[in-house]
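**Q** Letter by letter, the chains look like this.
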Amino acid sequence: MKIINKIAATLMVVTLFSGSALAQAKITVKGSDTMVILAQKWAELYMKTNKASIIQVTGGGSGVGITALINGTTDIADASRQMKQTEIEKLKARYNTLGVEIPCAKDGVTIYLNEANKVNELTLKQLSDIYTGKIRNWKELGGDDTEIRLYGRENSSGTYVFFHDEVVKADYSSNVQSLPGTAAVVNAVKKDINGIGYGGAAYAVGVKHAYVKKDANSKAYVPTAESIAKNYYPITRYLYMYLRNRPTGETKKYIDWILGSEGQSIVTEVGYFPVK
Amino acid sequence: MKKFFTLLFLSVTGITGFAQTTVTDSLKEVISNHEGKLTALDERVLVNEADLAKLNKIKVSGYVQAQWEYYGKDLVKTNEPTNTFYIRRARIKFTYEPADGVKFVLQPDFSTGNLSLKDAYAVVNLPFLKDWTLWAGQFNRPDYEVEYSSSQREVLERSRLIRAIYPGEREIGAKLEYIGSKVPLKFQLMAMNGNFTGANAKDVDSRKDIMARLVYSIKMPSAGLGIDIGGTGYFGGNKAKTNQYVLESNGVADSVAVGDYLKKQWFGAEIQLFADVLGGLALKGEYITGTNSTPSTIASTATMAAKKADPNKVNNFSGYYVYLIKNIGPKNQFVAKYDFYDPNTKLSGDAAGSNVYYKTLTLAWQCYVNDNIRISLNYEMPQNEKSASVKNIAGTGSTQLNDNTLGIRIQAKF
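Chains A and B are the protein sequences, given in the same order.
Residue numbers for the first sequence follow my numbering, beginning at 1 and rising by one.
Residue numbers for the second sequence follow my numbering, beginning at 277 and rising by one.
Just so you know, not all the hints are guaranteed correct.
[Said to hold, decoys possible] Here are a few chain B residues that face chain A, going by a calculated C-beta distance under 8 Å:
id: 1; residue: Ala450
id: 2; residue: Glu453
id: 3; residue: Tyr454
id: 4; residue: Ser457
id: 5; residue: Pro497
id: 6; residue: Gly500
id: 7; residue: Gly555
id: 8; residue: Gly561
id: 9; residue: Asn603
id: 10; residue: Ile604
id: 11; residue: Gly605
id: 12; residue: Asn608
id: 13; residue: Ala612
id: 14; residue: Asp626
These aren't lab readings, by the way, just hints derived from the structure by calculation.
Computed from a prediction, not measured in an experiment: that's the story for all the values here.
Built from N, CA and C at the ideal position, the CB exists for glycine as well.
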């Protein structure tokens, strides 16, 4: 009888633990380094009020997140660029869906300059010329007679792709130093008086924002809530979450929360801009 | 006494001072040593980083498909086995990307009884023409089922139609490709020898075969729906090497002179529909019709022995395939496929000879064990056109071959 009781008790404990494990909905989020601080903040606050949920957030870059989504190793891919056609084709081939794109925040890709740099304003054409290597000296832009040192992201980064497609529009110069995260880019520019870098607005600490204008005759802007909302800032983009299928259950609840007032207020708090 | 304490104090502080100087010097020496070591390490890291950056430009991927098949009795000749294990594909793909927008690919295949070169090509992004790439070398022809990788395809083999008109899938030539980043359009234009691949792939005439494909994608995100619609065209021919007769589709023999150009031209329409319905559903189809003078050898598969085509024979043909794929949860897929191929649309029954049509129903189940492993269960049920020539193949007097095939495949991909 004692043995039966022991077995029953053990089974009960196992059932209880497995029940609680089942009750805890785990959502994995992987991708954009630009979004990682935002995604972590969302997860942290959501889990505080939704004790049964576990949200696991990791970075690695937009490309890494989308690959993980295709391979089935993440539920949500964060991306600071839109999915490429080749990536959609892979998703179609494996899951027979086109994926679900959810714009969850807005960002102004910020041009970081060292605070001691005399240059304050740049046009999109000048930025393209700088990053393709056509303009090599700050003197050509009204600064000191020193060589421009270029800092950028690795090609798995969504910011790298977005900046390439929307600003550079040609092959990057071979002189661009690829760094493994936006924080590293900011840090490099902070230390290098001749440096220039690009990345998410939320990371720009200890460096100055360059005013950016569409062309020589336009007004120059830095990314602010107003300039982003009204699309005045010329390098504005959405930040996205991608899923394989339309969300259901706990994932839908989490996404609805992100797009709601609470989630969007965190967007502003972190340094990005709400979608609405 | 005072003198004694003064002397003692002086000597103690003196010793301490001396000791402090010694410790400081020694620390300086240690720091200097470590600085030297750090500088050396820094240099080594820089060298390693440079080497690693070079290695990062090389990507290696591949897959192995190990298979067991059980054949219907009419596929089994006397004293031949009813089933076999074999390696359907064993491929390793090397991709080298020396710079953004430049790619070199080499892919050999080591499957059972076959060592061949599948892909060998270079791709470059066209400068000043965003979204355009130029391909040169040996690569897939621009067709949906041809380009759909064997490692992704939901049934074990491509449709009979595709195997017949695009044997080996690859060709040697050059291709211009546009994949729109703003417009959901794909355009491919390829010029090729038209002699397939292998030892005799070099061209025998100066004319090149041309193939074009255009696909437009429609997205309806709110409905979870995507539709790709497209068309293909093939414009080419074969130069007659002998002056044997030409047998047109209608069975009328005609003469041909050496050097005459025999028509090889067809058009196709394709559609792929993807719906996010309880885990993903796809309906894909393609229809192709035209004239083929290809003296092609259709590769042998489980359900069909290798078939030598007749030289100098011009046939009208038509065929199609339809896939229904339903994802069941994240790891499983059910597949039903129906395909039809008539190599000679103008002749039927006994008059068709060996060019009988085939209708094939395939049912399959895919299980994606993890990122790398997929297990496939596949049952292929071909039905042939009734013809006297089939009786000879079967050897049983029946006009309907029993050539169903059961296949189980394990695919490991990396």
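**Q** Now look at each hint and say whether the structure bears it out.
**A** Evaluation of the provided hints:
1. Ala450: Where the cut-off is 8 Å and the nearest Cβ of chain A is about 21 Å from Ala450/B, the hint is violated.
2. Glu453: violated (11 Å)
3. Tyr454: Interface hint status for Tyr454/B: violated (11 Å vs cutoff 8 Å).
4. Ser457: holds (7 Å)
5. Pro497: Constraint on Pro497/B satisfied, holds at 7 Å.
6. Gly500: The hint holds - Gly500/B has a Cβ within 8 Å of chain A, the shortest such distance being about 5 Å.
7. Gly555: holds (6 Å)
8. Gly561: violated (14 Å)
9. Asn603: Holds, about 6 Å.
10. Ile604: Violated - the Cβ of Ile604/B stays beyond 8 Å from chain A, reaching only about 11 Å at its closest.
11. Gly605: Nearest chain A Cβ about 11 Å off; hint violated.
12. Asn608: violated (12 Å)
13. Ala612: Where the cut-off is 8 Å and the nearest Cβ of chain A is about 14 Å from Ala612/B, the hint is violated.
14. Asp626: It is violated, given that the least Cβ distance between Asp626/B and chain A is near 42 Å, above 8 Å.
Hint compliance for this structure: hints 1, 2, 3, 8, 10, 11, 12, 13 and 14 are not met, and every other hint is.
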